[in-house]
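K.L.:
Last residue of the sequence shown? That's 809 in my numbering, and every number before it is there in order.
Check before you lean on any hint, since a few could be wrong.
Below, in silico cross-link-like pairs of lysine-lysine (DSSO-like), each with a Cα-Cα straight-line distance of 27 Å or less [said to hold, decoys possible]: (1) Lys-781 - Lys-768; (2) Lys-478 - Lys-705; (3) Lys-783 - Lys-517; (4) Lys-653 - Lys-483; (5) Lys-477 - Lys-783; (6) Lys-653 - Lys-783; (7) Lys-463 - Lys-477; (8) Lys-581 - Lys-517; (9) Lys-581 - Lys-638; (10) Lys-551 - Lys-638; (11) Lys-463 - Lys-478; (12) Lys-638 - Lys-781; (13) Lys-584 - Lys-562; (14) Lys-783 - Lys-768; (15) Lys-705 - Lys-562; (16) Lys-653 - Lys-551; (17) Lys-566 - Lys-477; (18) Lys-478 - Lys-581; (19) Lys-517 - Lys-477; (20) Lys-783 - Lys-478; (21) Lys-551 - Lys-581; (22) Lys-551 - Lys-463; (23) Lys-463 - Lys-517; (24) Lys-517 - Lys-566; (25) Lys-783 - Lys-763; (26) Lys-477 - Lys-581; (27) Lys-551 - Lys-562; (28) Lys-562 - Lys-763; (29) Lys-653 - Lys-638; (30) Lys-581 - Lys-566; (31) Lys-483 - Lys-705; (32) Lys-477 - Lys-705.
Read the hints as simulated data drawn from the structure, not as lab findings. No experiment lies behind these values; they were computed from the predicted model shown.
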Amino acid sequence: MELHEQNEAHQQRLISPAKPVRPVCMRTSLSSRWRPLWRRYVVVIGVLLLAGSTAASDSRPRRLVCYFTNWSPNRPAEFAYGIDDIPAELCTHVTYYAAGVDAQNYELKTDNARYDILQDGFKKFANLKRAQPDLRLSLAVACEGAACGPFEAMASSLIARQKFITSAAQFMQRYGFDGIEIGWIWPGGSPERRADKDNLYHLIAELKRSFKEAGHDWEVAVFVPMKRDKIEQGFHQQLICQAADYVHLTGYDIRGNWNTFADVHSPMNNRAFDQGEFRDANVKGGIQHWVAAGCPAEKIVLEVALYGRSYTLVNETDHYLAAPVTGAGQNGQYTGSSNYKAYFEICTELKSPGWTIDWDVQGMCPYAYNGNQWVGFENENSVTEKAVYAATAGLAGLYAYPIDVDDYKGVCGKKYPLLSALHDAYKPKRVQDEDDLTFAIWRSRRSAPTPTINA
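Could you put the whole structure together from the sequences, leaning on the hints where they help?
P.N.:
Quick look at the structure:
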């Protein structure tokens, strides 16, 4: 018989109806007194097993990282923000921003010693886990702007990186933190800094390897940009995603007053006026670009800014999206910045006469204008859109940046409206939650009576 004929005969046997087989019955006598209880017991176990299979299919924790800045306690007293204000119940992780690198010995150092040390900022932050042991805490190490020199020097040398890593491990052990985040904004920004791209990868890989070899499961995360030119200059995308536990994708400041036109700074999609370098420079485009480059979606955490970007219009009558601007808007009353405004400042201003609020249909973000002042920001609707997309795309989580600029006092309504909207739409789950089903099954076995079976 030819080989293909043998295969056809074998397949025919597989699909042909089999001869009926008489079932073999084993007679077991179950006490009539226990028979109803036994049936209920079987049903309960079946339901638990079904729930277990459902939980297994959606058992991956969803993280909602809350970002605390150690300069927010220094704001004017009315809106000074302390560690006691952190709504840990809404977060799975909380990050302390920021620490830096010592210029002399390249070790981890405090960025605000008066608050971090003298006012026990680190200790108070670590104590958040006393009330919620399954809360995870991280320290962000920042490198941004003119103060970035010591960090860049550390990252450029193997010996210096090892000094930094050793000091970081000592910090983690001392305060009981669970992870470290590297926020280099942004490497490779000039021709003489081309080596930054390799240095960042080596730093992330060596951090993770050192922690693992020392027997610690501390997480290593890294800030990464949306903008393609920043990525090309400073990030080996696939390698970074392999080395880090998570990448924190900055879904904000994609636009700003540096672009000479008014726009929301975290659009979700392309708009008609998004051309050239602005095409696909949006939240969805940025996520899809990182995934296409080999970064698993389950390693990506989308950062959502809780502040707005303000502008001064060239012409008060031209106040729509992409309107020409002369620069930044007026200073925020409490943040003191002309470059950005806290949500609590924005919502307070919008209650004043003269403001008009509009909605970017494609960008899925609100903006408002009054005279020559223009601001693009987030509200409950826009952050909900981002949370829904993050869940649909299978991302690892969301990052609320920073929580101290939300309306945390409730001056415009309920407290923490933006963070609460993210939480309610995304439904984050802490790692500890995965043990709930196991405990429920154990408890049912402990409490259920044992039936008597008469053979």
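K.L.:
Work down the list of hints and note, for each, if the structure agrees.
P.N.:
Against the structure, the hints come out as follows:
1. Lys-781 - Lys-768: holds, 19 Å
2. Lys-478 - Lys-705: Cα-Cα ~36 Å, so violated.
3. Lys-783 - Lys-517: violated, 35 Å
4. Lys-653 - Lys-483: holds, 24 Å
5. Lys-477 - Lys-783: holds, 25 Å
6. Lys-653 - Lys-783: Since the Cα atoms of Lys-653 and Lys-783 sit roughly 15 Å apart, the hinted pair holds (cutoff 27 Å).
7. Lys-463 - Lys-477: The given pair, whose Cα atoms are some 15 Å apart, holds under the 27 Å limit.
8. Lys-581 - Lys-517: violated, 32 Å
9. Lys-581 - Lys-638: holds, 12 Å
10. Lys-551 - Lys-638: Holds: Lys-551 and Lys-638 sit about 24 Å apart, inside 27 Å.
11. Lys-463 - Lys-478: Between Lys-463 and Lys-478 the Cα gap is close to 18 Å, so the pair holds against 27 Å.
12. Lys-638 - Lys-781: holds, 20 Å
13. Lys-584 - Lys-562: This hinted pair holds, its Cα atoms lying about 24 Å apart.
14. Lys-783 - Lys-768: Between Lys-783 and Lys-768 the Cα gap is close to 23 Å, so the pair holds against 27 Å.
15. Lys-705 - Lys-562: violated, 48 Å
16. Lys-653 - Lys-551: Between Lys-653 and Lys-551 the Cα gap is close to 20 Å, so the pair holds against 27 Å.
17. Lys-566 - Lys-477: Cα-Cα ~25 Å, so holds.
18. Lys-478 - Lys-581: With Cα atoms ~36 Å apart, Lys-478 and Lys-581 exceed 27 Å; violated.
19. Lys-517 - Lys-477: holds, 23 Å
20. Lys-783 - Lys-478: At roughly 24 Å apart (the allowed maximum being 27 Å), Lys-478 and Lys-783 satisfy the hint.
21. Lys-551 - Lys-581: Holds. Lys-551 to Lys-581 sits at ~15 Å (cutoff 27 Å).
22. Lys-551 - Lys-463: This hinted pair holds, its Cα atoms lying about 23 Å apart.
23. Lys-463 - Lys-517: holds, 12 Å
24. Lys-517 - Lys-566: Distance ~17 Å between Lys-517 and Lys-566 Cα, so the pair holds.
25. Lys-783 - Lys-763: holds, 25 Å
26. Lys-477 - Lys-581: violated, 36 Å
27. Lys-551 - Lys-562: Holds, at about 17 Å.
28. Lys-562 - Lys-763: violated, 38 Å
29. Lys-653 - Lys-638: At roughly 16 Å apart (the allowed maximum being 27 Å), Lys-638 and Lys-653 satisfy the hint.
30. Lys-581 - Lys-566: Answer violated: Lys-581 to Lys-566 is near 32 Å, above 27 Å.
31. Lys-483 - Lys-705: The given pair, whose Cα atoms are some 38 Å apart, is violated under the 27 Å limit.
32. Lys-477 - Lys-705: violated, 39 Å
When held up to the earlier numbered hints, the structure conflicts with 2, 3, 8, 15, 18, 26, 28, 30, 31, 32 and fits the remainder.
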